[in-house]
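Residue numbers (the working numbering), protein chains in the order written: chain A, 1 to 450; chain B, 1001 to 1255.
Each hint should be verified, as a subset may be incorrect.
[Said to hold, decoys possible] Below, in silico cross-link-like pairs of lysine-lysine (DSSO-like), each with a Cα-Cα straight-line distance of 27 Å or less:
#1 A:Lys350 - B:Lys1142
#2 A:Lys421 - B:Lys1103
#3 A:Lys298 - A:Lys335
#4 B:Lys1226 - B:Lys1245
#5 B:Lys1246 - B:Lys1224
#6 B:Lys1229 - B:Lys1241
#7 B:Lys1142 - B:Lys1125
#8 A:Lys421 - B:Lys1142
#9 A:Lys168 - A:Lys421
[To be verified] Reference excerpt, derived from the structure (chain A facing chain B, CB under 8 Å, subset only):
#10 Leu6
#11 Tyr17
#12 Glu18
#13 Gln395
#14 Arg397
#15 Asp400
#16 Arg410
Since the hints were made in silico from the structure, they are not lab data. From a predicted model like this one, the values you see are computed outputs, not experimental measurements. For every residue, glycine included, the Cβ atom is placed at its ideal position computed from N, Cα and C.
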Amino acid sequence: MTFATLPAAVDKYSEAYEAIAGTRSGSADWLSTVRRRAWQTFSELGIPVKRRGNELWKYTDLRPLADSVFEYGAVGSVALDEIKATAPWDDAWDTVVIVDGKFSADLSNLHGTFGLTAGSLGEATYSSAGDIEKQLTSLAGRERYAFTALNTAFLDDGAYIAIADNTKLPTPVHVVFVTSNLPASRATYPRLLVDAGSNISIVIIETHVNLANSAQLSLPVVEMFANSGATIRHYRVQMENEQSYHLGTTRVHQLDDSTFTSTTFAVGAAIARNDIHTQLDAPGANCTLHGLYMTSGKQQQDQEISTTHAKPHCTSNQFYKGILSGKSHAVFSGKVVVERDAQKSDATQKDLNLLLSRGAEIDAKPSLEIYADDVTAAHGATAGHVDRDTLFYLQSRGVDEETAKAILIRGFAEEMLDEFKPEALYEFVERVTDERIPVLLSESDALGTT
Amino acid sequence: MLEIKNLHASVLDIDDSEILKGIDLKVNKGEVHAIMGPNGSGKSTLANVLMGRFDYVVTDGDVLVNGESILALRPDQRAHLGMFLAFQYPAEIPGVRPWQFLKAALDSKAEANGEDKMTVRNFSKLFDEKVEAVGINPNLVKRSLNEGFSGGEKKRNEMLQLEVLQPTLAILDETDSGLDVDALRIVAEGVNSMRSPDRSFIVVTHYQRLLNYITPDVVHILIKGKIVKTGGPELALEVEKDGYKKHLSEVGSNA
């Protein structure tokens, strides 16, 4: 019984933490305090391996992660061509490249776009500490959550993006988090802070790629502030290798009449979680959280999606689609909280899944917690198979069963792929999907058809 | 072209579910045959069994196309032989564009027959021509296949596929159901324009009205899984006037 109360795996991270705790000169004093507090939190929580009675991890077994040891600190070298080969890329985009958690000036491609500050978070913390000190961890630090705490305990660098009031950026800003191909299993703590000024418009693409051939741990934390009238179009592309763990946290704070729209494309990692929360904190804010996940083999993909309507007249829309094959597992946990003051809220949640094999499993639990009385809300989740009538229709036109299934899977995905508007980004997700479909089909069985 | 011999078929995995109870039918090259019958007579089942739908099992008899049995062939293989089924209720397929789907269908056929695939350029040209010929709204075919199409638009889309795929044996399964007179005329014009000495049609219908526009060479009355009468176009008019009652009594209640 005493073992159960010890936080899991804290010892595996403590040595690395002690090593950096005293040596991080050059960063601001306040940051040392932030890190120390975060370490304290993590050391109390440990890796969440307890599942019973733990809603957040009920369907996800993190023991393989807790049992693994990950090194910290080494930064590998990466060639630009390797990034271009594995991540979406467009020379016209302002691109910030972070390798093993560290900003790379050489690999980044910044055009000095007017109104945009984009670059190293570490540099920003001591050169213009005012707002950053207030903002950094103010969203992700509110909750007692092991993975944001662990990220913050090692907070050192990452990407910082600020957009001056009234700026409409003509081209997307791309942040690429790269895990280099160093041989050791390592932990990285990608970090992104976005300060979107009033009445701005920005497209942010966040890509996670992994060049290593071994199990890696990536614990990204993204905090975004959408000021009044700001419009943020966010894309998240997760392409970890299939042995790795990726547990990402995104926290968005929205002021009046701001719009946050995000579409996720999640295909990588052995165990992956996309945990995103939007706080609609002033009237007229609206958010759209969409995504596509595809799983095969023994992969697990979680979508932990939540929105809080704190003020009236806000709109939220959650819509995810999953394609599962082999013995893979996905979780959609969608939550919307409408607080007492948040009258005239409008919230929808939807999760649609295509199961291609008997061994694939989806746990979908959309939930609404409504404390206001004048609210429009709807939710639903489905899990279906390839429809036999549809298959017959395609076959009767001369298309063989395998090709017909591929067409139907692609058709199912298309609605989400279509949301990836920047051309190079669409081409990327389209290519990855077309490469993935044969893998999904190779692990499908007759029971995937009804 | 097509020869059906003593065909018996049941619903898969359901005992005592025989629907087709010994059908004999011969369709020669270039002929248009109408199969008429009341609801539940098995006419839709016949259309689907000919195309190889999985839900049915053939328990006796044979179906020959150009002298070869097709019963062991998959639906796509039957399509490669030149067979085509226009559906009563075409499936809605989200995210799949008619263009993309028809290109895949033609590619599969070319591959199966050891021919070269059509280039995207040539296919586009062909597709655009056919879209115009069938009179489908060009914006419609840029959307998902059949999704949000009206009944008439779905049937027109079936005609578009017929035009692009150019089958040698086209089976129309109650293509007239749910159509207004204008749409009916368009479907009929599509069929009539494709009539040729090398192409045969089987038109399955409940009502005679489609046959006002498509004049069949032969009319069969199907009742309770059996063809009870075969005749010329005048047989359809007789059904129009007198209904199926007379024929129902011919097979008796226990047939």
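Results for each hint:
For the given pair, A:Lys350 sits about 26 Å from B:Lys1142 by alpha-carbon distance, which is consistent with the 27 Å threshold. The straight-line distance between the Cα atoms of A:Lys421 and B:Lys1103 is roughly 25 Å, inside the 27 Å bound, and the hint therefore holds. A hinted pair counts as satisfied when its Cα atoms are at most 27 Å apart, and A:Lys298 with A:Lys335 qualifies at roughly 26 Å. Using a Cα cut-off of 27 Å, the hinted pair B:Lys1226 and B:Lys1245 holds, with the two alpha carbons roughly 15 Å apart.
As the CA atoms of B:Lys1246 and B:Lys1224 are separated by approximately 13 Å, the hinted pair is consistent with the 27 Å bound. A threshold of 27 Å between alpha carbons decides the hint, and for B:Lys1229 with B:Lys1241 the separation of about 16 Å falls inside it, so the pair holds. For the hint linking B:Lys1142 to B:Lys1125, the alpha-carbon distance of about 15 Å falls within 27 Å, and the restraint holds. Annotation: proposed proximity of A:Lys421 to B:Lys1142 holds, straight-line Cα distance about 18 Å (limit 27 Å).
Distance hint between A:Lys168 and A:Lys421 is fulfilled; the C-alpha atoms sit about 17 Å from each other, no more than 27 Å. Hint on A:Leu6 is violated. Least Cβ distance to chain B is approximately 49 Å, over the 8 Å limit. Proximity of A:Tyr17 to chain B is violated relative to the hint, the smallest CB-CB distance being about 47 Å (cut-off 8 Å). The closest approach between the C-beta of A:Glu18 and any C-beta of chain B is roughly 53 Å, which is over the 8 Å cut-off, so the hint fails.
With a cut of 8 Å, the hint placing A:Gln395 at the interface with chain B holds, because the nearest CB-to-CB distance is about 4 Å. Interface restraint check for A:Arg397: the shortest CB-CB distance to chain B comes to about 4 Å, inside 8 Å, so the restraint holds. At its closest, the beta carbon of A:Asp400 sits 5 Å from a beta carbon of chain B; the interface hint therefore holds under the 8 Å criterion. At its closest, the beta carbon of A:Arg410 sits 7 Å from a beta carbon of chain B; the interface hint therefore holds under the 8 Å criterion.
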